[in-house]
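Following the hints, put chain E in place on chain U, whose structure we already have.
Those protein sequences? They're chains U and E, same order as listed.
Going by this note's numbering, the residue at position 278 of the first sequence is 278; the numbering climbs one at a time, nothing skipped.
Going by this note's numbering, the residue at position 286 of the second sequence is 286; the numbering climbs one at a time, nothing skipped.
Derived by calculation from the structure, the hints in this document are not laboratory data.
Check before you lean on any hint, since a few could be wrong.
Listed next, the stretches of chain U that the computed footprint assigns to chain E, with coverage defined by at least 3 CB atoms under 8 Å from CB atoms of chain E [claimed, not checked]:
1) 117-123
2) 259-266
3) 301-315
Note that beta-carbon positions come from the ideal geometry of N, C-alpha and C, so glycine has one too.
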Amino acid sequence: MSRARGHKFWFLLLGLALLFSVYLSLGLGSADVGLPEATRTLRRAAGELLFGAPSGDGVPSGESVPSGDGVPFGDSVSPGDGPTRSIVLDIRLPRAILALIVGALLALSGVIMQAFFRNVMAEPYLVGVSSGAALGAVLAMLLGWSFRLGWFSTVPLSAFVFALGVVFLVYLINRRRSGLHTGGLLLSGIAIASAISAIVALLLITSERAVQQVLFWLLGSLAAARWEHVGVVAPYAVAGLVITLLLARDLDLLLWGDVTGAALGVSVERTRTLLLAAASLMTAAAVAVAGVIGFVGLMVPHIARFLVGSGHRRLIPAAILLGGLLLLWADVLARTLRAPAELPLGAITAIVGAPFLIYLCSLSGRKRWPS
Amino acid sequence: MSRTCPLRTGTPGRRCLSSATVQRNVSQVTVPAGDSGPSRESVLAAEGLSAAYGARKVFRDITFSLSPGELTAVIGPNGSGKTTLLQALCGIHRETEGAVRLAGRSLGRLSRREIARHVAFVPQSSGLDFHITVEDAIALGRYPWLGAMAPFGDRDQDAVESALAVMALEGLRHRPLQTLSGGERQRVLLARALAQETPILLLDEPAASLDLRYQQGIFLRLKQLAASGRVAILIAEHQINLVAATCDRVLILHEGRLWASGPPGKVISEEMIATVFGARMQVQAGERGRPQCLWRIE
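Only chain U is shown next, with the shape it has when bound in the complex:
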């Protein structure tokens, strides 16, 4: 079947592009560490990981590594390559991985939301996740809260909790005996989001503290990315992926509405609740570590649909790969365009994304473009 082969081609291409992009991104940044140094560091770290102790494999003999505490990542420093190693392994690599995960989470939530609402305009922040997270983060920053839970530090934890709190509120408002009231979810989500945005704006105006920091957070950034953040979001990414793949066929059917879905075997209420919970958790986790990055969740599902069609068993992996790829490069731009300063990531995704989506819309009604 030529269609199946066509899809395999896209998956292969996206997968390779993703790997290559991660590699390239390690050699790009404000510090003067290029691809050759990054490659050398990577090879050495890989050697240490594989053989347990630092080995001289592939390393120029002058830079012998003292076999100190033997910790494979970050801690064992040798004179000369310490900063390089730290920049590559502790800053750029986790940042690249985090970009992939956050991009994938947002894209996946977008896919779910568009099927959930049967609406091409739906996106992950529709039911109040972003506004809740913003409120949580702003309160934490302005009031100087300080607490942590495992790898979760104050601002992400507060953002996460508030995001889920708002979604749960919206959910409670619209829970009916017959199931979730979709139109109400949309409306009350928007209403609560605008109310909270107003509160956030008022908080910012009446406070003199940290306004720049808050604004930067609101526009999204991976500048603070560390391995801990990867640890915080990775479980949500894995769980979200598993749940969505298991529900892929249900998502196909829900596109046709609840009655058709039920007629073709979907337990509509249960599936809807599960989908809403999965999308909210994934979005909240992404927002908690990276701020409110717009456009990825709206745009990536459409591009993915353009490439592989609207069957979710293909759409989900395609959206994950594309979301990761897009956010990785957006982040590279964010940290290199005005280096050493950082640009807000959300601004980059919107500036790059909007024209592309408009271009796709201009194809509307032609060969393969939906709606």
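Just chain E now, kept in the frame of chain U:
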């Protein structure tokens, strides 16, 4: 145990109502007195079925059964509960009392997916904002058989091909659904129900908003399908002449109950139309006991 489904005999492995199950279970079903259906075993039986939306009762105490090979129509005025009845029969409308039995098993004890393997329900045309091809749309009919992870196999592709052929859609298989006419789209929805390979088809106004040719085409196909003897079909329909010309039996919903049921020649009359619909039509006796209704507008 081999699987016997409409349109084809299948391979073992996946669960479907086998004819043996049907026969075994149907003997337990008490087909109530007054049911005017044929004497063949029923695959679906409603027993004292009532439905409501909150405090508003839609209909009450409806009893009838459907048998393979039978094309049945339910008619009645707007709001009489035709759609609700169809949805109650496949467990989508759940504010009900009384019982629905699928091949002897109570509907309430079956999961949604099990129901979807027994009953295909085609709602009135639903819009879709997303791009999907005719073939992919019909393939959705296989999902009740696939579950979450099973691959779409040759057996499923065969079912899709067969449904494409029955509904004469082969030439349109790669076309996006949005580019089809209303009649073509309706045929796709019916093909999706056929690909579901259920012994029962419930169709909500399959000829609504179609031109004469498509109305005729769809009802002709449904008649042929029922005549194959493997499917029981129940249609909610307003076009009384289409019903009179094709259906074996007519159920009339009026004032919240099953007002009458029987072959078209018995139940379609000027009095019935006046009482149930509040309309004036002249009913002429047609060939083979199939009446024809003419408008009387003066």
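Cross-check of the supplied hints:
{"no.": "1", "hint": "117-123", "in the structure": "holds (count 3)"}
{"no.": "2", "hint": "259-266", "in the structure": "holds (count 7)"}
{"no.": "3", "hint": "301-315", "in the structure": "holds (count 4)"}
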